[in-house]
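The opening position of the sequence shown corresponds to residue 1 in this note's numbering, with each subsequent residue numbered one higher.
No wet-lab data here; the hints were simulated from the structure. Where is the CB? At the ideal position from N, CA and C, for every residue including glycine. Treat each hint with caution, since some may be false.
To be verified - Keeping only pairs whose Cα atoms sit at most 27 Å apart, straight-line, the calculated DSS-like set for lysine-lysine is:
#1 K204 - K160
#2 K42 - K234
#3 K153 - K166
#4 K4 - K242
#5 K198 - K242
#6 K126 - K136
As the list claims (entries may be wrong) - Here are the simulated distance ranges between beta carbons:
#7 K160 - S217: 25 to 33 Å
#8 I213 - D26: 18 to 26 Å
#9 L238 - N129: 24 to 32 Å
#10 K86 - N17: 17 to 25 Å
#11 E216 - N140: 27 to 35 Å
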Amino acid sequence: MILKSVNECVDSIIEFNDYIVFGSYDYNENCSRKGKIILLNKHSLELVKEIITTGTFHLLSTKNILYSANSTDVSSFDLNGKLIKKYNFNEICTNLAINNENVYVTTQSGSLLSFDLNLNLIVCFKITNDPIWTCKIINNNILLGAEDGTLYKFNLNTKKLTGKFKFNEGVIDINNFDSTIISTYGNDLYSFNVKEMKVLETFKNTTSLWKTIETESGYISAAIYDGLKFFDKKFNLLNEIKTKSICYAVCKIDNRIFYSSFYQKTVYVIKQ
1 MILKSVNECV
11 DSIIEFNDYI
21 VFGSYDYNEN
31 CSRKGKIILL
41 NKHSLELVKE
51 IITTGTFHLL
61 STKNILYSAN
71 STDVSSFDLN
81 GKLIKKYNFN
91 EICTNLAINN
101 ENVYVTTQSG
111 SLLSFDLNLN
121 LIVCFKITND
131 PIWTCKIINN
141 NILLGAEDGT
151 LYKFNLNTKK
161 LTGKFKFNEG
171 VIDINNFDST
181 IISTYGNDLY
191 SFNVKEMKVL
201 ETFKNTTSLW
211 KTIETESGYI
221 SAAIYDGLKF
231 FDKKFNLLNE
241 IKTKSICYAV
251 CKIDNRIFYS
261 SFYQKTVYVI
271 KQ
């Protein structure tokens, strides 16, 4: 196990071209958010560049562009980490989704914004009054998970809400593996039928999983208060690694797994 002290509270980790990228947020003395995007060489783990942000909550990328959802803006960067464009908000940008034509941004006030890939705003939709924490494009729909436990289905062709389902706890992660998997603040995980908007199967006692990635043998999850968890294909727990603080971020690159201990300001790297 390798320890990488980054002196930042890391909540997002992704692979971007030849980089491993960390996104972070913290608070200034006046309680306003601040953060960084940290680009490391993904082979040597040497620091390449640090970018100051207003506090980064989510990172996503295409082949050539890195996008970040920050506390007061959404921004795009080129392969050298140079800012391409910043679109400013008066609220927190919580999550991102990208397809071949658009970048979708969710907000703390419950809105969904559609941009082109150059971050020119196309339209804004008011979905709910609750924070939307997560989103995922599945076919012609985008699923939106809200703080009050409502999962919304929004059709990207008709630009209309076409379904919703109420969980008992807030929806925090949506994945499209062999089936659509929904994670909430509750203790269970759900396999979900998007077409009919109903639960197909409940996986008991997984705990709250903030982010889950798929591997050849199963899944690895950043489990917030329970560290890193390893599951088989039926979400039976195989192993777990406790962290000293909240675990929000996990990413697998080749045979290495990166995960963070948020308040410890440390990223761990293990070989699988």
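Now for the hints, and whether the structure bears them out:
1. K204 - K160: With Cα atoms ~33 Å apart, K204 and K160 exceed 27 Å; violated.
2. K42 - K234: 31 Å, violated
3. K153 - K166: 12 Å, holds
4. K4 - K242: 17 Å, holds
5. K198 - K242: Violated - the C-alpha atoms of K242 and K198 are around 33 Å apart, more than 27 Å.
6. K126 - K136: Holds. K126 to K136 sits at ~17 Å (cutoff 27 Å).
7. K160 - S217: 25 to 33 Å: With Cβ atoms ~40 Å apart, the hint is violated.
8. I213 - D26: 18 to 26 Å: 25 Å, holds
9. L238 - N129: 24 to 32 Å: 40 Å, violated
10. K86 - N17: 17 to 25 Å: 21 Å, holds
11. E216 - N140: 27 to 35 Å: Distance hint for E216, N140 holds at roughly 29 Å.
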